[in-house]
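K.L.:
Residue numbers (my numbering), protein chains in the order written: chain A, 4 to 385; chain B, 10 to 392.
The hints are simulated quantities; they were obtained by calculation from the structure and are not laboratory data.
Please read all numbers here as calculations on a predicted model, not as lab measurements.
Every residue, glycine too, gets a C-beta built ideally from N, C-alpha and C.
Heads up, a few of these hints could be off.
Stated by the list, open to error - Chain A stretches covered by chain B per the calculated footprint, using a threshold of three residues with CB under 8 Å from any CB of chain B:
#1 170-184
#2 195-204
#3 329-340
To be verified - Label-pair restraints from in silico Cβ distances:
#4 Leu-219(A) <-> Pro-354(B): 58 to 66 Å
#5 Lys-379(B) <-> Leu-55(A): 34 to 42 Å
#6 Lys-279(B) <-> Tyr-308(A): 48 to 56 Å
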Amino acid sequence: MGVGVSIETSDAATVAPGKAPPIPEVHMGIGGTIRAAVGAMAVPLAAFVVALALFGIFIALTGRNPFAVYYQMYRGSFGTAFSFQNTLIRAAPLMLTALATALPLRLGLVGLGGEGAMVMGGLAAAAAAVGLTGHSPLAVKSGMLIAGALVGGLWIAFAGALRAYRGVNETIATLLLNYIAIALLNHIVEGPLRDPASLNKPSTPPIGDDNMIGNLPGIDVHWGLVWGLAACFLAWILMNRTTFGFAARMVGGNVRAALLNGLPVGRLIVIATFLGGVSAGLAGSIEVAAIHGTANASLVTGYGYTGVLVAFLARGNPLAVIPVSLLLGGIGASGGLLQRVFELPDATVNVLQGILFISILFSETFYGRSLFRRRPATGGAP
Amino acid sequence: MIRPQSRLPSRTPARPHSLRLLVGLSLAIATIPSIALAPRVEAAPPMTVGFIYVGPKTDYGYNQAHAEGAAALAKMPGVKIREEEMVPETVAVQKTMESMINLDGATLLFPTSFGYFDPHILKEAQKNTKVTFLHCGGLYVPGKHPENVGSYFGYIDEAQYVAGIVAGLTTKSNKLGFIAAKPIPQVLRNINSYTLGARSVNPKATTSVIFTGDWSMPVKEAEAANSLIDQGVDVLTSHVDSPKVITELAERRGIYVTGYHANQSALAPKGYLTGAEWNWGKVYKDYIEWLQAGKAYPHLLRGGLKEGFVKLSPYGKAVSAATKKKADEAKAKFMAGTMVIYKGPIKDNTGKVVIAAGTEEKQTDVTLEKMDYLVEGVVGKTH
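Extracted from the complex, chain A is given alone in its bound form (with noise of 0.2 Å):
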């Protein structure tokens, strides 16, 4: 096995093989870790500022003013509780899509599966719904769910599995699995599983209105959000409060120290990949419980490629993908006001998703350098 690419800018790089790599997080005190905190998100909230300065400039060049977009962006993702629910209801799905990317990024592995693993996991859930048609919709809603976050496990876990014990490239594997993915749904679809109603546009049969999984009490929300929430808790206990956590960032942090200390880094591999697959097959269970009522061609929705910006922007962390997916779920609420309000192209969102990731990627390269977040060079566990 190939050593494995590491995206954070960890120390562990500088230590020598044999000797535990340091891990912050664990045993810093509480003080530790509100600095830790205040300095993981300084360097972000000013890149975000830079950007929001950066797209100004961009909104100017177009002739239009820059504090006026702004404004009507707040308006349109957090400003009214309209447009609060309607970000809400577009970070839901990113959240999960996201762990996809940052539960196995935090092994040092690029995986781009999540699109493929949420339409998989949303075919599996209509083909569940078929295969228990006339049970309790409590058995039929389990049902699509486990076979959802099922099937988009096996998914994910197979590029991860593919990498671990055949050394082929993840990032490769999982962006060609999405196509794969796609496909088998056209061909499911428009084949063994097609209502055969559906005539234009070709669909699983409906799951039927009694086994769709409604709104959260009191708002417009479905229940994605939930497990969207819980789904990113989870993960953050798991990766920064286990040994399984522990493992796994050490092989994200020298891969071969984790084998030189004797891990399963193979095992941990496959099983970071699966639970990530996991969470991105859920969104696909959703997508089709709450949403859509069926399985078609529309399952394809880029959640799982925005999944990956959220993941990037959120470093791996699995906490700070919520905030991370709400503010791109926010920037796609106001996107359509944009458009109707200043006749701004689609693409002006596009605009401002790109340079977020680029300045919040590029300041990156300050982490360590600023005030906060001051480490020793070298040095051992602390």
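Go by the hints and put chain B onto chain A.
P.N.:
Frame of chain A; chain B shown alone:
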């Protein structure tokens, strides 16, 4: 846990400020007499109409055809247009509809993509009973779907039939090429009508079909176009969301092309023969006039060349006078309502008789909407 305050999105502001409310109320009371005394000069406030497109509205295709219809409405008095493009067939379109209703005050929506209907339009129509939703696709079922929903569609295969005549008379290799998205009834009907049109004037003509698998696949469309041209095809046409790539490629490789959805002649000044275009401006104007007059509108509205739902692009330079004459004859028959495309006997391309001799399936015949075959003369498979 984050919990916004209001239960459902409503037209009222999220946090009604009591002071603002008071000021507003007193202002309103103060203006009552002046309104009552003012002579009735101003008509009703403009009707805000929202258009939602699944792709870019300058795609030389499906979305542009609708955007041209929207532009025609924008010129009408008492109508205000709001447009949003690149809205996927996900919860995003539900939110765009709600946003247009809540923030722009839209009372009539044209969510134009076929896939917007179920579940998105149906769900929003139940939530917003005072808003009218008009959808492109002809999917409305009386009794099953909400009252405030309507659906329209055009028999564009009539225009494809005429375009097929032009193609059949222009080709030298007798090989036509058709690049299509998916083998669904609507697409198969276009391929078949095109082929029947071509073979009505040139029995030697065949149409080779390539399905790309999805509505917007520019790379695959280009590959398909190149592959068909390499096989000797000298007239190309398509049924994808944007025929731009195919049209440009045909022009660059020096063959002919007939268009679809919108007018693509600007992309192929030499090789563009004609094209099957939508004429949504007419349909949308009719709806607005019905609604402005407070009349009931038909929930299911369909039409072809005769009703002005579809039209043909003006003939290109490469179309000969004799060809124009033949095509115009067929068009005149459609305009007179005497033309039937699916007149038996018609065989499919495996030799099976799909429409028996003596049987006529007229344009409105619902069996045509379940089409699952390719007629004789089409080279390709439905699956």
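K.L.:
Would you mind marking each hint as holding or not holding in the structure?
P.N.:
Outcome of the hint check:
1. 170-184: This one is violated; 0 residues, fewer than the three required, reach chain B with a Cβ under 8 Å.
2. 195-204: Coverage by chain B holds for the region 195-204 of chain A (3 residues, Cβ < 8 Å).
3. 329-340: Check passed, 4 qualifying residues.
4. Leu-219(A) <-> Pro-354(B): 58 to 66 Å: Since Leu-219(A) and Pro-354(B) have Cβ atoms about 59 Å apart, the given range 58 to 66 Å holds.
5. Lys-379(B) <-> Leu-55(A): 34 to 42 Å: Hint violated: Cβ distance 53 Å, outside 34 to 42 Å.
6. Lys-279(B) <-> Tyr-308(A): 48 to 56 Å: violated (39 Å)
When held up to the earlier numbered hints, the structure conflicts with 1, 5 and 6 and fits the remainder.
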